[in-house]
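First to last, the protein sequences are chains A and B.
For the first sequence, the numbering used here assigns the number 1 to the initial residue and increments by one for each residue that follows.
For the second sequence, the numbering used here assigns the number 1 to the initial residue and increments by one for each residue that follows.
No lab work stands behind these hints, which were simulated from the structure alone.
Hints may be right or wrong, so weigh each one.
What the hints assert, rightly or not - FRET-style restraints, in silico, Cβ to Cβ:
id, chain 1, residue 1, chain 2, residue 2, range
1, B, Leu209, A, Phe477, 46 to 52 Å
2, B, Ala204, A, Ser175, 50 to 56 Å
3, B, Gly387, A, Asp285, 42 to 48 Å
What the hints assert, rightly or not - Footprint (simulated), chain A over chain B, 3 or more residues, beta carbon under 8 Å:
id, segment
4, 149 to 158
5, 388 to 401
Stated by the list, open to error - So these bits of chain A aren't anywhere near chain B, every CB distance computed over 12 Å:
id, residue
6, Asp24
7, Ser28
8, Leu66
9, Phe129
10, Ser175
11, Leu369
12, Ile374
13, Tyr385
14, Ala396
15, Asn414
Yeah, the Cβ is synthetic: ideal placement off N, Cα and C, and Gly gets one too.
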Amino acid sequence: MQNLNLLTPEIALCLLGLGLMLADLLLSVRRARLLYHLAWFSCLVALGLVLYAPSWAGAIPGGGALWVVDHMSQFFKAVVLICAILALMLSLPYKPLPDAQAGTFSALLLFSTAGMMFLVSATDLLLVFVALELISLSSFVLAGFERRNRKSNEGAIKYFLFGAFSSAIMVYGISLYYAAMGTTHLTAVGPASPALALAMLFILLGFGFKAAMAPMHFWVPDAYEGAPTPVTTFLSVAPKIATMGVLARVFMVLVPASGMQMTVLLALLAMLTMTVGNTIAIYQDNVKRMLAYSSVAQAGYILIGIVSGNALGLEGVLLYSAVYVAMNVGAFAVVQAVGEHEGSYGLKSFDGLSRRCLPVALVMAVFLLSLAGIPPLAGFIGKFYLFASAIDAGRAAGSGSLIFYALALVGVLNSVVSVFYYMKIVYHMFFLPPRQKEGGAPALAVGPYIYGCLAVTLAAVLFFGLWPESLIAHVKFSAQHLP
Amino acid sequence: MNILSLITFLPLAGALLVLGLPKESKRAVQIVALLSSGLTLVLSVGLYFLFDRHTSSMQFVERLPWIPSIGVQYFLGVDGLSYPLVLLTALMSFVSLVASLNIVNRVKEYFFWFLILEVGMLGVFVSLDLVLFYVFWEITLVPMYFLIGIWGGPKKEYAAIKFFLYTLTGSVFMLLGILAVYFKSDPHTFDLLVLLQAHPDWSARFQILIFLAFYLGFAVKVPAFPFHTWLPLAHVEAPTAVSVVLAAVLLKMGVYGIMRVSYGMLPLGFQWFLPFLVIIAVINIVYGALCAMAQTDMKKMVAYSSINHMGYCLLGIAGLTVTGFSGAMLQMINHGLITGMLFILVGVIYDRAHTRDINAFGGLAAKVPLYAGLMSLACFASLGLPGLAGFVSELLCFLGAFARWKVYTAISVIGILTTAAFFLRMIEKVFLGPLNPKWDKLTDLDAREVCALLPLVILTILLGIYPKPALDLMNATVLHMASLLK
Numbered sequence: 001m002q003n004l005n006l007l008t009p010e011i012a013l014c015l016l017g018l019g020l021m022l023a024d025l026l027l028s029v030r031r032a033r034l035l036y037h038l039a040w041f042s043c044l045v046a047l048g049l050v051l052y053a054p055s056w057a058g059a060i061p062g063g064g065a066l067w068v069v070d071h072m073s074q075f076f077k078a079v080v081l082i083c084a085i086l087a088l089m090l091s092l093p094y095k096p097l098p099d100a101q102a103g104t105f106s107a108l109l110l111f112s113t114a115g116m117m118f119l120v121s122a123t124d125l126l127l128v129f130v131a132l133e134l135i136s137l138s139s140f141v142l143a144g145f146e147r148r149n150r151k152s153n154e155g156a157i158k159y160f161l162f163g164a165f166s167s168a169i170m171v172y173g174i175s176l177y178y179a180a181m182g183t184t185h186l187t188a189v190g191p192a193s194p195a196l197a198l199a200m201l202f203i204l205l206g207f208g209f210k211a212a213m214a215p216m217h218f219w220v221p222d223a224y225e226g227a228p229t230p231v232t233t234f235l236s237v238a239p240k241i242a243t244m245g246v247l248a249r250v251f252m253v254l255v256p257a258s259g260m261q262m263t264v265l266l267a268l269l270a271m272l273t274m275t276v277g278n279t280i281a282i283y284q285d286n287v288k289r290m291l292a293y294s295s296v297a298q299a300g301y302i303l304i305g306i307v308s309g310n311a312l313g314l315e316g317v318l319l320y321s322a323v324y325v326a327m328n329v330g331a332f333a334v335v336q337a338v339g340e341h342e343g344s345y346g347l348k349s350f351d352g353l354s355r356r357c358l359p360v361a362l363v364m365a366v367f368l369l370s371l372a373g374i375p376p377l378a379g380f381i382g383k384f385y386l387f388a389s390a391i392d393a394g395r396a397a398g399s400g401s402l403i404f405y406a407l408a409l410v411g412v413l414n415s416v417v418s419v420f421y422y423m424k425i426v427y428h429m430f431f432l433p434p435r436q437k438e439g440g441a442p443a444l445a446v447g448p449y450i451y452g453c454l455a456v457t458l459a460a461v462l463f464f465g466l467w468p469e470s471l472i473a474h475v476k477f478s479a480q481h482l483p
Numbered sequence: 001m002n003i004l005s006l007i008t009f010l011p012l013a014g015a016l017l018v019l020g021l022p023k024e025s026k027r028a029v030q031i032v033a034l035l036s037s038g039l040t041l042v043l044s045v046g047l048y049f050l051f052d053r054h055t056s057s058m059q060f061v062e063r064l065p066w067i068p069s070i071g072v073q074y075f076l077g078v079d080g081l082s083y084p085l086v087l088l089t090a091l092m093s094f095v096s097l098v099a100s101l102n103i104v105n106r107v108k109e110y111f112f113w114f115l116i117l118e119v120g121m122l123g124v125f126v127s128l129d130l131v132l133f134y135v136f137w138e139i140t141l142v143p144m145y146f147l148i149g150i151w152g153g154p155k156k157e158y159a160a161i162k163f164f165l166y167t168l169t170g171s172v173f174m175l176l177g178i179l180a181v182y183f184k185s186d187p188h189t190f191d192l193l194v195l196l197q198a199h200p201d202w203s204a205r206f207q208i209l210i211f212l213a214f215y216l217g218f219a220v221k222v223p224a225f226p227f228h229t230w231l232p233l234a235h236v237e238a239p240t241a242v243s244v245v246l247a248a249v250l251l252k253m254g255v256y257g258i259m260r261v262s263y264g265m266l267p268l269g270f271q272w273f274l275p276f277l278v279i280i281a282v283i284n285i286v287y288g289a290l291c292a293m294a295q296t297d298m299k300k301m302v303a304y305s306s307i308n309h310m311g312y313c314l315l316g317i318a319g320l321t322v323t324g325f326s327g328a329m330l331q332m333i334n335h336g337l338i339t340g341m342l343f344i345l346v347g348v349i350y351d352r353a354h355t356r357d358i359n360a361f362g363g364l365a366a367k368v369p370l371y372a373g374l375m376s377l378a379c380f381a382s383l384g385l386p387g388l389a390g391f392v393s394e395l396l397c398f399l400g401a402f403a404r405w406k407v408y409t410a411i412s413v414i415g416i417l418t419t420a421a422f423f424l425r426m427i428e429k430v431f432l433g434p435l436n437p438k439w440d441k442l443t444d445l446d447a448r449e450v451c452a453l454l455p456l457v458i459l460t461i462l463l464g465i466y467p468k469p470a471l472d473l474m475n476a477t478v479l480h481m482a483s484l485l486k
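I would like the entire structure built from these sequences, with the hints used as guidance.
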C-alpha cells in the first residue's frame with residue numbers, strides 16, 4: 001500500500017529543486033538567470049509526469065492512508081505547476097531580484113510548489129500540516145526576498161507571524177481531532193461531537209490563513225504589496241488554489257460540512273470573505289494591494305462551490321480555480337510590467353496606458369472584466385457555475401435553502417461591487433491622459449517573457465470563455481471518482 | 001444558411017479589423033466600420049423580403065450546442081417581435097456611425113467599441129437561449145462604459161460607471177432568475193422556447209419571485225420608474241451617436257425582455273404584477289413628461305421624454321390586447337427613429353454652439369431653416385402629431401390599454417399634453433422670435449448630418465402615413481402573444 005511511485009512528480013520536483021541549489025554554487029553570477037530557465041523546465045518535467053501518469057480507475061491511496069492520488073489531485077497539481085511556471089517566467093525579467101540568489105529563489109518556489117502538490121493529495125491531517133508548513137516556510141522567505149526593500153521585510157514578517165499563529169491554531173485543531181476520533185486520518189465521521197466541531201473549526205481557520213479568507217486575511221495586503229511582484233503573482237494563485245483543493249476534499253468529500261452542521265458557518269465565511277475583500281479593495285490606491293483584496297474576494301467566490309457541496313459545486317471549484325489562475329496571473333503580469341516601468345505600483349502609474357500601449361491596456365481590461373465576471377470571458381463561466389451550484393443546493397435543501405439563496409445573492413451583488421474597483425484601473429488606463437514626463441509620455445516597453453505570459457493567459461481567458469466545454473469536460477472528468 | 005450569425009457577427013469582424021489597423025489611418029478605420037455595419041444593415045433589410053409574415057414561430061433558426069454539459073445552446077432565431085428590432089438596431093447603428101464620422105479623438109478605439117456594442121445589441125434580439133441572451137446583454141455594457149467614459153461630456157466618468165453598475169445590478173438578478181428557471185425546469189434547460197411552455201408546472205409563488213428577479217434586470221434598462229435615474233445622466237454625458245443608440249436600441253432591450261421572457265415564461269407572475277406595471281407605466285408617462293418640462297438643457301429634455309415614451313410601451317403591454325401589444329412594439333420602433341433623430345439634431349446644435357440651453361437661442365429658424373424644419377418635424381413626431389410615426393403607436397397603446405385600465409389611461413393623457421407643451425416651448429424659444437445676434441455665424445446642416453438624418457426622416461413620415469408594413473411584420477406574433485392569456 002505504499003505506492004511510492006505515485007509520488008514521482010513530487011519527488012522529481014524536490015530533487016530538481018535541490019539540484020538547482022547545487023547548480024547555484026557552480027554557476028557564475030553572470031549566468032545565474034539560467035537557473036530560472038532550469039526551474040521552469042523542472043516544473044514542466046513534473047507537469048509532464050503528472051499529466052502522463054499511467055491511467056488508472058478511481059483513487060489510489062498511498063503511504064498507508066496518508067495521501068491519495070486521483071483525478072482531482074492530478075488536476076490541482078497540474079494547475080499549481082502551471083502557476084509555478086508562469087511565476088518563474090515573470091521572475092526572469094524582474095530586476096529587483098538579486099542574481100546571486102537566483103538558485104535559492106527558484107528552488108524555494110519549487111519546494112513551495114511541491115508542498116502544494118502534497119497538500120492536494122493529502123487525506124491525513126499530519127500530511128496536511130507538513131505540506132502546509134512546507135508551503136508556508138518557503139513562501140515566507142520568498143515574500144521577503146527584496147532584502148533592501150523595507151516593505152518587503154515588513155510584509156514577510158507579518159506573513160510569518162500570522163502564519164506561525166495560524167499553524168499553532170491548526171495544530172491545536174488537529175490534536176482535538178485526534179482526541180475525538182482517535183486518528184489523524186480524515187474519514188467520514190459519525191455524529192458530530194462538540195470536540196470534533198471545534199477541531200474542524202480550528203483546522204478551517206488554518207486553511208483560511210493560506211487561502212486568505214476573511215477574517216484570516218490581514219497579512220494579505222502587506223505581504224502582497226511588499227513581496228517581489230512575481231512572488232505576489234505566485235502567492236495570489238498557487239497556495240490559494242491548492243488550499244481550495246484540500247478544502248474541497250476535506251469539507252465536501254471526507255468530512256462533509258453538511259454532516260457537521262457547518263454549512264451555515266462556511267456560508268457566512270464565504271459571504272464575509274467576498275464582502276470584506278471587495279469592499280476594502282475599493283479604497284486602495286496601490287494596484288498590488290487592490291488586487292490583493294480582490295484575491296481575498298475571489299477566494300470567497302470559490303468557497304460558494306464548497307458550501308454548496310454538490311457535484312456542480314465541486315466542478316465549479318475546479319473550473320474557477322483554473323480560470324482564476326489565468327486571469328489573475330495575466331493581470332499581475334501587466335501590473336508588473338507597468339510597475340517596473342513606472343517605478344511605482346500606484347494607480348497613477350496606469351494613467352493613460354491605453355495611449356502608451358493600447359494592446360496591453362486592452363489585455364488588462366480583459367483580465368479585469370474577467371475577474372469581475374463579465375461575459376463572454378472565462379471568469380463569467382466560472383462564476384456562473386458557482387452561483388448555479390448554490391441555487392441547485394438551495395433547491396435540493398428544502399427547509400434550509402435560504403442560506404444558499406442568500407449566498408448566491410451576496411455573490412452576485414459582490415460581483416457588482418467588484419466592478420467598481422476593477423473599472424477604477426480601467427478608468428486610469430483609458431480615461432486619463434498619460435502623465436507628462438520630460439520628453440513626452442514614454443511608450444511602455446514590455447519584454448518577451450511578459451508578452452509570452454500575457455499571450456498564454458489571454459488565450460486561456462478568451463478560449464475558456466468562448467469555448468468552455470473543453471475545460472468543463474476536463475473538470476467533470478477530474479471531479480468524479482473521489483474516495 | 002447562417003444569416004443571423006452573419007448579421008450579428010459582421011460588426012465583430014469589423015471591430016477586429018479596426019483593431020488591426022494603425023492608429024493614424026483614421027479614414028481606413030471609418031471605412032471598415034461603415035462597411036461592416038452597412039453590410040449588416042443590408043443583410044437585415046434583405047431579411048425583410050424573406051421574412052414569413054404568417055407565422056408566429058421562429059424563423060432563420062440556428063441551433064448548435066455551445067456548452068453541452070449544462071445544456072447551453074447557441075440558438076438564434078427571429079420572429080415578429082424581434083425581427084423589427086434587429087432591423088432597427090442595424091439601421092440605428094449605421095446611422096450613428098455616420099453621425100460619428102466627426103469624431104477626431106482616438107478614432108480607432110471609438111469605432112472598435114461601437115462595433116462591439118452593435119454585436120451585443122443584435123445578439124440580444126436574436127438569441128433564444130437564456131445564457132446566450134444574458135451574455136449578449138452583458139456584452140453591451142462594456143463598450144457603452146468606454147464610449148460614455150472616453151468621449152462623453154464633463155461628468156463622463158461618473159455617468160459611465162453609474163450606467164455600468166446600475167445595469168449590472170439589475171442584470172445579476174436576472175442571472176439568478178435564469179439559474180432558478182433552469183433548475184426548476186425538467187429536464188434542465190436554458191432553451192427559451194422550451195421554457196415558454198414549461199410554466200404550467202410552476203407555482204404562482206415561484207413565478208412571482210422569478211418575475212421580480214427578471215423584472216429588475218429589464219426595468220433598469222427600460223428604464224421604468226424608480227430605476228430611471230441613470231438615464232438622464234448617461235444621455236447627457238454620452239457623445240451624440242452614443243445617445244442615439246442608447247435611446248434607440250438599448251432601452252428597447254428592456255421592453256423586449258419583458259415581452260419575450262417575463263410575459264411568456266412567467267404568466268402568473270406577470271398577472272400578479274400587472275396592476276403595478278400599469279401604475280409604473282403611468283408614473284413613467286406623467287413623471288417623465290413633467291421632468292422633461294422642467295429641463296432647460298435640450299438633451300436632458302429629450303432624455304426625460306424617452307422615459308415618458310417608454311411608459312407608453314409599458315402601458316400598451318399592460319393592456320394585454322392585440323392592439324396594445326402592436327402599439328408597444330410599434331412604439332419601440334418609432335421611438336427609436338424619432339428620438340434618434342432628436343439626439344442627432346441636439347448634437348448638431350451642440351457641436352456648433354457648444355451649449356444646449358434652450359434659453360440661449362432664439363430666432364434660429366431664419367438662420368438655419370433646414371435644421372429648424374427637421375427639428376420641428378422630429379418634435380412633432382415625438383409629441384404624437386397625426387400623420388407622423390409617433391401618433392400611430394401612441395394611439396394604439398392607449399386604445400389597447402383603455403379597455404382594461406380606463407382611469408390609468410385617462411391619467412396618462414396628461415403625459416401627452418405635457419409632451420406637447422415642452423416640445424412646443426422648445427421650438428418657440430429656439431427657433432422663433434428675434435434672432436439672437438450671438439448665433440449670426442451659425443451654419444446649417446452639412447452633408448454628413450443630412451445623410452444620417454435622411455433615412456430617419458423618411459421612415460418617420462412613411463410609418464406615420466402607412467404603418468401597415470411594420471404592423472404586418474408583427475401581426476402573427478402579436479396575435480399569438482395575445483392568445484396566451486386567454
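*Index of numbered hints that the structure contradicts, given in increasing order*: 1, 3, 5, 11, 12, 13, 14, 15
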